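First to last, the sequence lines map onto chains A and B. Sequential numbering from 1 applies to the first sequence in my numbering. Sequential numbering from 1001 applies to the second sequence in my numbering.
Hints are not guaranteed to be accurate.
As the list claims (entries may be wrong) - When the alpha-carbon atoms are kept at most 20 Å apart in a straight line, the in silico EDC-like pairs for lysine to aspartate or glutamate are as follows:
hint, chain 1, residue 1, chain 2, residue 2
1, A, K236, B, D1114
2, A, K236, B, D1086
3, A, K236, B, D1078
4, A, K128, B, E1071
5, A, K343, B, E1077
It is worth saying that the hints were derived from the structure and are not from the lab. All figures in this text were calculated on a predicted structure; none of them were measured in a lab.
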Amino acid sequence: MKKAVFAIGIIFLLAMPVSAAQITAPTVPESGAEVMPENNDSFGLGLMELLRSALIRIQPDLREASKVSLGATAAVMMVSILQSFSGSVKHAADLTGATVTTAVLLLSTNSLIRLGFETVTELSEYGKLLLPVMTAAMAAQGGVTTSAALYTGTAVFDAVLGSLISKLLLPMVYLFLALAAANAALGEQTLRKMADFIKWLVSWCLKTILTVYTTYMGITGVVSGTTDAVALKATKVTISSVVPVVGGILSDASEAVLVSAGFMKNTAGIYGIFAVLAVFLQPFLRIGAHYLMLKLTAAVCGTFGCKSLTDLIGDFSTAMGLLLAMTGAVCLMLLISTVCFLKGVG
Amino acid sequence: MEWLRQYVISVTTAAIVCGIVTSLLKSSSVKEVVKLICGVFLAYTVLAPITGMDFSDLAAFYPSYSQDAGEASALGEDLARETKADIIKRETEAYILDKAKELKLELTVDVSLDENQIPVSVRLSGEASPYARTKLQQIIANDLEIAKENQQWTG
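For reference, chain A alone in the conformation it holds in the complex (with noise of 0.2 Å):
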C-alpha cells in the first residue's frame, strides 16, 4: 500500500517538472549534516537515527563536563575544610572559594552560552529560508491565506523571540551568573532576590511569548482556513458548471496540482523538521550535559556543608537551564510552524 501511494507520488511529481523543482526544501546548515538522517522516507526511523547520531557525538562532551564538575567539586571541598576555621579566614574561604568555583565553571559556561547564542541564530537563519518555501507549497495546495498568515506570524515572533534573546535574555544570563557568583562572594543573600527576579525574567519571556505563539497559530489555523476551503469549493463548483469533458481535464489537473502540491509540501516540511533537529539536537545535547553535571555536582558539594558555594553551582545550572529553554524555545517555534504548515487546508 505504501509503495503504491509513494508510486502515484512519483508519478504526480514527473507530471510537474517545474514546480517539482522550485519547490524543495533548503539544504541542512553544515553543523548539523553530520546528525542529519540519511533516511527521510519514514519520520520515525529518521528520528531515531537523528537522536543516535547525536548521543555518539555527545561522549566528549561528558568527559569534559565530568572534570569541570570536579575541578568545581575539589574547589568546594578545600574551602569547606578552610571553612572549619572561624573568623577573617572564614570570609577569605567564602570570597576566595566564590572566585575559584566561578573562575572554574565560568570558561566552559561561556563557551556553551555562546553555542546557545549561535544555535538559536543558526535555527533563525534556517527558519527564514524554511518559512517561504513551506509557504509557496501551501499556497500551491489553495491555503493562500493561511500560508501567508502563518509565515507573517511566524516570522514576527521568531524575529521578536531571536532579538529578544540576543540584546536582552542572553545578557540577563549573565548578569544573574555575576550576581550569584558576587552573592557567594559576600556570604550572604543580598543579591539573591535579584538573581530570582531575573531567572523568574527570562522565564516568563519564554513562557509568554510561545503561549501567545501557539494561540496565534490555533486561531491563524482555524479562521484561515476556513477562508481556503470555502475558495477551494467555489472552484469546484465553477469546474463542475463547464462542460464534461472540459470539466473532467480541470478537475483532474487540479487534483493533480492538490496532490503533487501536498507530496511537496510534506518531503519539504519533513525534511526541513529533520534539519532543525540535527542543528538543535547536538548543541542541546551538549549544554543539557553540563546541566546535569552541575545539577550532580551541587548535590554532592551539599554534603560537604558550604551552603554559599553549592547555592553558586546550582545557579550556573540554572543558567544552563535557562539556555537550554531558550534554544529550546526557539526549536519549539519552527518545529510549530512547521507541523501547522503539514496540517494543511481547512
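Chain A is already provided as a structure; the job is to place chain B on it using the hints.
Quick look at chain B alone, frame taken from chain A:
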C-alpha cells in the same frame, strides 16, 4: 559583547569589594551603615547599565513580513497555476489527438487557454480530408466548447 564583559566584571568586582569591606568591620552600628551603603552601591552597579539599554528596534516589527508572506504565497499560487495550465493544455491536446486518431488523422495540435484556464482556441496542422476535418471540428466544438472560428487549420 565587550560591554557585557565589562558589566559582569564590574558587578563581580563591586561585590567582592563590598564583601572585603564588610568582613573587615566588627559587628557594630558602623558595620550596619557600611552594609547599607554597600547595598546601595551594588544596586547601582547592577541597575545602571540596564537603564541605558536601547530597545527601540524591538518595536520596529515588521510590516515587511506581511509583504514577504504575500510574495511567497503568490509564488506558490503562480507555480500551481502554471502547472495546472500545463496539465490542462496537455490533456486537452491529448484528447484532440485521440479523436483525430480515431478519424485516422495525423496532426499536431496546439491549444491555448484563457485567464481562467479554459481552452479557448486551437491550432491544428496536418493533412485531413474535408469530411474528417468537419467531423473533428464538430467534436472539438461540442466536447471542448471551442467554437469553429477559434479552430485554426494549417497544412
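Hint compliance check: list the failing hint numbers for this structure, sorted ascending. none
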